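Enquirer: Going line by line, the protein sequences match chains A and B. In terms of my numbering, the first sequence has 54 at position 54, counting the first letter as 1, and numbering is strictly consecutive. In terms of my numbering, the second sequence has 387 at position 387, counting the first letter as 1, and numbering is strictly consecutive.
Since the hints were derived computationally from the structure, they do not count as laboratory data. Nothing here was measured: the structure is a model prediction, and the numbers come from that model. Keep in mind that the hints are not guaranteed to be accurate.
Identical chains share a label here; the pair holds if one copy fits it or two copies do between them.
[What the hints assert, rightly or not] Straight-line Cα separation of at most 20 angstroms, DMTMM-like style, residue types lysine to aspartate or glutamate; simulated pairs:
1) 77 <-> 105
2) 21 <-> 353
3) 87 <-> 101
4) 57 <-> 24
5) 98 <-> 115
6) 434 <-> 422
Residue strings, one per chain:
Number of protein chains: 2
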Amino acid sequence: MDIKKVKRSEDYSAWYNNLVKNADLAEHSDVKGCMVIKPYGYAIWEKMQAELDRRFKETGHQNAYFPLFIPKSFFTKEASHVEGFAKECAVVTHYRLKVDEITKEIVVDPEAKLEEELIVRPTSETIIWNTYRSWIQSYRDLPVLLNQWANVVRWEMRTRLFLRTTEFLWQEGHTAHATADEAIAETKQMLDVYADFAENILAVPVIKGVKSENERFAGAIETYCIEGLMQDGKALQMGTSHFLGQNFAKAFDVKYVTKENSREYVWATSWGVSTRLMGALIMSHSDDEGLILPPRLAPIQVVIIPIFRKPEEKIAVMEKAEAYTALLKKQGISVKLDDRDYQSPGFKFAEYELKGVPVRIAIGPRDVQNETVEVARRDTKEKQVMSAADLEHKIPHLLEQIQTNIYQRALDFRSENMYAADTWDEFMDILENKAGFISAHWDGTAETELKIKDLSKATIRCIPLNNHKEAGKCILTGKPSTQRVLFARAY
Amino acid sequence: MDIKKVKRSEDYSAWYNNLVKNADLAEHSDVKGCMVIKPYGYAIWEKMQAELDRRFKETGHQNAYFPLFIPKSFFTKEASHVEGFAKECAVVTHYRLKVDEITKEIVVDPEAKLEEELIVRPTSETIIWNTYRSWIQSYRDLPVLLNQWANVVRWEMRTRLFLRTTEFLWQEGHTAHATADEAIAETKQMLDVYADFAENILAVPVIKGVKSENERFAGAIETYCIEGLMQDGKALQMGTSHFLGQNFAKAFDVKYVTKENSREYVWATSWGVSTRLMGALIMSHSDDEGLILPPRLAPIQVVIIPIFRKPEEKIAVMEKAEAYTALLKKQGISVKLDDRDYQSPGFKFAEYELKGVPVRIAIGPRDVQNETVEVARRDTKEKQVMSAADLEHKIPHLLEQIQTNIYQRALDFRSENMYAADTWDEFMDILENKAGFISAHWDGTAETELKIKDLSKATIRCIPLNNHKEAGKCILTGKPSTQRVLFARAY
Numbered sequence: 001m002d003i004k005k006v007k008r009s010e011d012y013s014a015w016y017n018n019l020v021k022n023a024d025l026a027e028h029s030d031v032k033g034c035m036v037i038k039p040y041g042y043a044i045w046e047k048m049q050a051e052l053d054r055r056f057k058e059t060g061h062q063n064a065y066f067p068l069f070i071p072k073s074f075f076t077k078e079a080s081h082v083e084g085f086a087k088e089c090a091v092v093t094h095y096r097l098k099v100d101e102i103t104k105e106i107v108v109d110p111e112a113k114l115e116e117e118l119i120v121r122p123t124s125e126t127i128i129w130n131t132y133r134s135w136i137q138s139y140r141d142l143p144v145l146l147n148q149w150a151n152v153v154r155w156e157m158r159t160r161l162f163l164r165t166t167e168f169l170w171q172e173g174h175t176a177h178a179t180a181d182e183a184i185a186e187t188k189q190m191l192d193v194y195a196d197f198a199e200n201i202l203a204v205p206v207i208k209g210v211k212s213e214n215e216r217f218a219g220a221i222e223t224y225c226i227e228g229l230m231q232d233g234k235a236l237q238m239g240t241s242h243f244l245g246q247n248f249a250k251a252f253d254v255k256y257v258t259k260e261n262s263r264e265y266v267w268a269t270s271w272g273v274s275t276r277l278m279g280a281l282i283m284s285h286s287d288d289e290g291l292i293l294p295p296r297l298a299p300i301q302v303v304i305i306p307i308f309r310k311p312e313e314k315i316a317v318m319e320k321a322e323a324y325t326a327l328l329k330k331q332g333i334s335v336k337l338d339d340r341d342y343q344s345p346g347f348k349f350a351e352y353e354l355k356g357v358p359v360r361i362a363i364g365p366r367d368v369q370n371e372t373v374e375v376a377r378r379d380t381k382e383k384q385v386m387s388a389a390d391l392e393h394k395i396p397h398l399l400e401q402i403q404t405n406i407y408q409r410a411l412d413f414r415s416e417n418m419y420a421a422d423t424w425d426e427f428m429d430i431l432e433n434k435a436g437f438i439s440a441h442w443d444g445t446a447e448t449e450l451k452i453k454d455l456s457k458a459t460i461r462c463i464p465l466n467n468h469k470e471a472g473k474c475i476l477t478g479k480p481s482t483q484r485v486l487f488a489r490a491y
Numbered sequence: 001m002d003i004k005k006v007k008r009s010e011d012y013s014a015w016y017n018n019l020v021k022n023a024d025l026a027e028h029s030d031v032k033g034c035m036v037i038k039p040y041g042y043a044i045w046e047k048m049q050a051e052l053d054r055r056f057k058e059t060g061h062q063n064a065y066f067p068l069f070i071p072k073s074f075f076t077k078e079a080s081h082v083e084g085f086a087k088e089c090a091v092v093t094h095y096r097l098k099v100d101e102i103t104k105e106i107v108v109d110p111e112a113k114l115e116e117e118l119i120v121r122p123t124s125e126t127i128i129w130n131t132y133r134s135w136i137q138s139y140r141d142l143p144v145l146l147n148q149w150a151n152v153v154r155w156e157m158r159t160r161l162f163l164r165t166t167e168f169l170w171q172e173g174h175t176a177h178a179t180a181d182e183a184i185a186e187t188k189q190m191l192d193v194y195a196d197f198a199e200n201i202l203a204v205p206v207i208k209g210v211k212s213e214n215e216r217f218a219g220a221i222e223t224y225c226i227e228g229l230m231q232d233g234k235a236l237q238m239g240t241s242h243f244l245g246q247n248f249a250k251a252f253d254v255k256y257v258t259k260e261n262s263r264e265y266v267w268a269t270s271w272g273v274s275t276r277l278m279g280a281l282i283m284s285h286s287d288d289e290g291l292i293l294p295p296r297l298a299p300i301q302v303v304i305i306p307i308f309r310k311p312e313e314k315i316a317v318m319e320k321a322e323a324y325t326a327l328l329k330k331q332g333i334s335v336k337l338d339d340r341d342y343q344s345p346g347f348k349f350a351e352y353e354l355k356g357v358p359v360r361i362a363i364g365p366r367d368v369q370n371e372t373v374e375v376a377r378r379d380t381k382e383k384q385v386m387s388a389a390d391l392e393h394k395i396p397h398l399l400e401q402i403q404t405n406i407y408q409r410a411l412d413f414r415s416e417n418m419y420a421a422d423t424w425d426e427f428m429d430i431l432e433n434k435a436g437f438i439s440a441h442w443d444g445t446a447e448t449e450l451k452i453k454d455l456s457k458a459t460i461r462c463i464p465l466n467n468h469k470e471a472g473k474c475i476l477t478g479k480p481s482t483q484r485v486l487f488a489r490a491y
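One chain only, chain A, in its complex shape (with noise of 0.2 angstroms):
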């Protein structure tokens, strides 16, 4: 399969399916919708991790650990929250395999089942807050600011690549209040965290709002969350912050003495974001040739590849190529060369704009004499050529360009892909002929935007924060409504 094969303009789902797969991101495993995520796609992953990490600490977050494994019953405690994930999930029912006396075959051991069966997490509210109980007794023991980072599951019956699998990887932060206050400006505050890392680091433009009732999290009085838009003008909701008032304290009994001496239920929040996140920065940047990493989360930033003929332009060629690795390596930056001689310069060119290389530095024999390079940058695919003794100053600003404009791309997509729609009908004509966010009014109900959801499959993406207030009338049901709210067709 040949990534050249699939244009995004032609097939924009099979062109992602065999982006993630010939750039060495990610593959299906042969356990039904778990992927293997590769060390490329990982590498990348990992860099997610140490930014997000980081400003997690910044904010006062520590990290800790909390079962695979959540007794069923824990899901039954919340009772929105068991709606929505006590279901398609992970059943563990028994702990030992034997072997068949007769068939000789390995089977489940049935004298090995559990009392009580235990549940894969899809999210740990529970377990989280069923420990909590034993941890906050009183106001000093608050606030708590947790975060985890871990494996959940959550069966999935149609799976893509890191957008929809059965198995992800997230990291979910689960904190603990005095007062709802406090709660919400955590809440809030994630929100932003992540809203930072994905337009500074992802280089993904995100809009801020809050879900509609039908949209929010099982379990909380208000979702927060951020939203980029893909290429194909869908969208894609890229983290969430919940506040969810006292619902678990109430259903795990987690109350505190306040400094008044009373006992009060704890206020919550959870917040998380996953491995979609690669799904994100691959469907805002990439083009028919290959992905196109944002330089800070580029496990390779520069490739140098050096190209020669024969014996003796080998030895001056890669001389320059290692001084000119070494130089760049020194200014902090992360550089590969690629001096495989079974592979010709093409074939090499070619491989790292798939992976989305952003600075490619090409050195020749002239190169050599001209004490030059040549310079091409992944994003706009244009090339210099660049005085060797630039290089140190010169690549470090070139990759903050690159970082720059992708962001600016992105943003400019995104901005020629938002519409506004006062009526059904050019509500439906925007979907089906251009795509994008739709900003229109809607009458406020959950009934009208699932009436909406079936007629066009768009759903209201969010009510941004910061709202214009704005009479109008419903598209769907010509009722009155007081501001316009964010409609897409989403992942």
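Assemble chain B onto chain A, guided by the hints.
Expert: Coordinates of chain B only, in the frame set by chain A:
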């Protein structure tokens, strides 16, 4: 429960459990056999991870991620592996829950039974080698040098925090090579990485060796290990590195085309360390007052405790405390200024002793006058008055001294508890009355080793690398032996 209520000399096991709980490292969860790693414990684990991960990358390895679930049939493909691992494990049999129509309770949906059960990974050789089949075609694809940070599950009936839990965290390296020599070199290299990490970071001296056949990893040709000696004279296996030969390549049909164009099976290694290292850390250095952390792993390296009575004292003391905190942070030291006003200095002293903070700095009104501080080391409990002007250069040096001292102390302890036994009576006498490592002759058979284990509860911890050859007689059977091996009772 107060840590001081149990001394090491009275009940080592109860002392350990108390310490893990009271120092906020970990606790049992409500899920049988699974632990919660608390923030302070997890911060130490994160520091271990960072040190290990850096060493893995420096030796050319990359991280990747493979599925949590392994189809049952995969375990049957490697004959000895199935014996070792397809026994006590978590078995996923269903993928959906539903509300029972009559009882209204949440039950497993019998219609959602998996065709083939999935095992929660106890180790990942099978799923990884099943993946390598499509990744490895030619000698140019070799070596494959991967590592995975993951959670694994081995159902345990009797658990101890960090030492033996149903779920634990670990890293597992899985490499593929063109030749046996290369794979053996990799196996030994990773053993050296583990030993370097154990001695220089954990400050725990280890003995490198190979396991006897009985103790070998299920599926390995040779298992290398590092063994530490805990304060109660019991050994702890701290890490293993396995040469797997072609066993998994044959089981999963992984062949490569050589330079000479023949097709050969690939050679394998795997190697791992786990959260068990937390147990090694605790049982190597702590005392009756609590944890003693090596500075290179301490989440807080220096704690500063202000001491004052009157408000005007507070202002002067806090000003200095803040200045010294900033000064030491600038040196790259992790410093905590404990300014809680509702706890006494005495309470704080005990708390940081319990938590093993290497250096405590106390500042009172007189110190402000004299431009001094009181510096206490956790390892020796020595206190000294230090001129404030000396902090900047003396504290980093003191941290290095503590790191060296606790390693030396552990090394001395091990030397003092290293015995030789030439008869069965000597052997049993040492085990019953002294404990520690015992160097003794063994006839080399698995039967004798098992008999010794039955009679003494001691096992062969390893045959040390570069072991001295020496003719002798087996302590149990009197049969001829060519070398002494290392016995101990072990965790």
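Enquirer: Confirm or reject each hint.
Expert: The hints, checked one at a time:
no. : hint        : result
1   : 77 <-> 105  : between (40 angstroms within a copy, 12 angstroms between copies)
2   : 21 <-> 353  : within (14 angstroms within a copy, 52 angstroms between copies)
3   : 87 <-> 101  : between (35 angstroms within a copy, 15 angstroms between copies)
4   : 57 <-> 24   : between (31 angstroms within a copy, 19 angstroms between copies)
5   : 98 <-> 115  : both (19 angstroms within a copy, 18 angstroms between copies)
6   : 434 <-> 422 : within (16 angstroms within a copy, 86 angstroms between copies)
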